[in-house]
Amino acid sequence: MPAAKAQALFRGLMLVDADPAADARRLDMIALWALEHYSPIVAVDGIDGLVLDTEGADHLQGGELPMVTKIFNSFHAKKLTARVAIADTWGAAHACARAIKRETVIIPSGETFRAVEKLPISLLRLPEKTVADLRVLGFQTIGELTNTPRAPLALRFGPEVGRRLDQIRGLMAEPIDPIRTAEMIEVSRNFQEPIGAAETINKYTGRLVVQLVAELEKRGLGVRRTDLFVHKVDNTIQVIRAGTAKPVRDIPWLTKLFRDRTEKIEPGFGIERLVLVAAAAEPLEEEQRASALIEEETTDITPLIDIFGNRGQRVYRLAPIASDVPERSVQRVSAIAEAIEGTWVGHWRRPVRLLSQPEVIDAIALMPDHPPRSVTWRGNRHKVVRADGPERIFGEWWRRPAELEAVRDYFMIENEQGERFWIYRAGDGVDPETGSHKWFMHGIFA
Amino acid sequence: MSAARELAIADLRERIAALEGGIAKRKVCLPFGAPEIDDALPGGGLAYGALHEFAGGGSGTVDGAAAALFAAGIAARTKGPVVWCLTRPDLFLPALAQVGLHPNRVIFVEAGKEEDVLASMEEALSFGGLGAVVGELVRLPMVASRRLQLAAERTGTMGIVVRRWRRQTEANDFGQATVATTRWRVSVLPSEELPVPGVGRPRWFLELMRVKAGECAEFCVGACDDQGRIDISPGSADRSDSARRSVHI
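Protein chains in written order, with this note's numbering: chain X, 1 to 446; chain A, 1001 to 1249.
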């Protein structure tokens, strides 16, 4: 749209000159940010995109879906709108990210072609003139173009069309050339003869770690993210990324993190080059360990947490929140977070197991203040022999206005066998405004 | 003459201990503080550097509430951080804090698969310096239990497996052999009588089903107090629920 037409449509339109150089600089900065946070292989894709090879790196973010959501949210927090797509190939991810209406999309492995066949050919990363000429010939979608015989197309448009089609379907490899910064520490080792055995890989990884740590020591740095690039003879690269919870410059610790996962390396026809890169480093000063006369035996368990984290398991601690509503009184914090003072207050006993969703039960009870005489939960009837309560919990109107009147009355009940349950009634038993007066099972005591 | 013989035997014992590889040296125990229970255990308590198995009885086989709290009480009385490996995150930590296990000490490792729980437990046990490593598992194969036991022996960390099944009928799996040093079943009992209406201190029926170099025993105990201690319940003589337990197992 010409500027004059736009100005005619909107009065007082603000016009800013395009600055491609500045855009490219900012895009580079975003690429470096992504390199540090998400994946070891990041490159700028065209003038408006980034491409990340996230294989083997998504588990550090808790999986693909949490990762794309996180990426989108971090752009959203800066008031930028991003589109994130994960697919088997660079071409498919490129096309999907530009075509989708949603914020994020994950194309399941193996369904790449089905996802892209309906997309327009303009997303095929071909020169504009080729796209226009193909449109003249009547081609609209990528699927139509794929189903056409290749030879006439190649004769008329050159090999480019066929190459892009093969790349989008993953029939042709398309390595990503990752960006690097000058200050990034990198050690590498070439092999005259390709290696493949797990013990050999372990041995040379160990030596690279020693070299890397020596380099880090010179600069007073510790690594947070370390990438091992495995260059294979068939010109493919596999990357293993190890993240640590705090800056590290410890040889056994780092070696352990990589040895743990060398089984994931598929040597194929052989490995000809190993590169170890400190993708994210932070200053790490030597610190004095023992200061008191009596040495207190405290073990630093951060290495253990790193091992769990790099295996893709969720590691966390739980911390109290000042809330009377049971399901809100616990939050997950990082396993290496500062120690939290204090704990849950209150002398009421709490159940060992808390049901994630309170379950509706049938109860026979005298309203408003008495515990039930009997309850039926999951088809089993429990006669209540002893009970404690009610413990009244009020809704938190500062979180949700609808909770202004809400009340829960909790009871601890015990049946004839000694099984103890935590149940509650929604509402105070008199005023229907306060709740539905239904009974719920919420927890199991020991 | 006899003094010389004593000396020779002591020397032989030391050499055997050295052959066993430092296990015997480090084998110290965590007493329960209740003499009846401690007497039933060799060494006078629950051994560090060993694997212990807890399961619930009755409906506790599914929810594992009493077994988990019993494990938490033991973990609370050890020193150092506690690693708790699980697949189903339905533990309510305020209850664990009430038996003396401070939230700062517990690190949860949540895995998607049972095998990952076993791997995490083994990693944590062989790390050393932890108070206890607790894992919630459905199945504990013989080989896996041996690996855990060996890892625990190397570092002297206590390993605790809380068994919980998906259905009550699956719980007869608990009869299968593992190399765990002790095996316990914790079933709930009606709580202690109070002079007023209300629920008193919970009581458990504690069965020591298997112990290496010891004999099986049964106890009626009062549940963990705010420091994780259990004690022999006074009204333990009249147990009216023995028929009930045999129904489920």
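Think of the hints as simulated: they come from the structure by calculation, not from any bench.
Among the hints, erroneous ones may be present.
[Unchecked claim] For the chain X half of the interface with chain A, some residues (derived, Cβ under 10 angstroms), not all of them: (1) Gln-140; (2) Asp-250; (3) Thr-343; (4) Arg-350; (5) Ile-444.
[Unchecked claim] Partner residues are not named here, just some residues of chain A that face chain X (Cβ under 8 angstroms, in silico): (6) Gln-1098; (7) Glu-1123; (8) Gly-1175; (9) Gln-1176.
We treat Cβ as the ideally placed atom computed from N, Cα and C, and that holds for glycine.
Q: Please write out, lowest number first, the hints stated earlier that are contradicted by the structure.
A: 1, 2, 8 and 9
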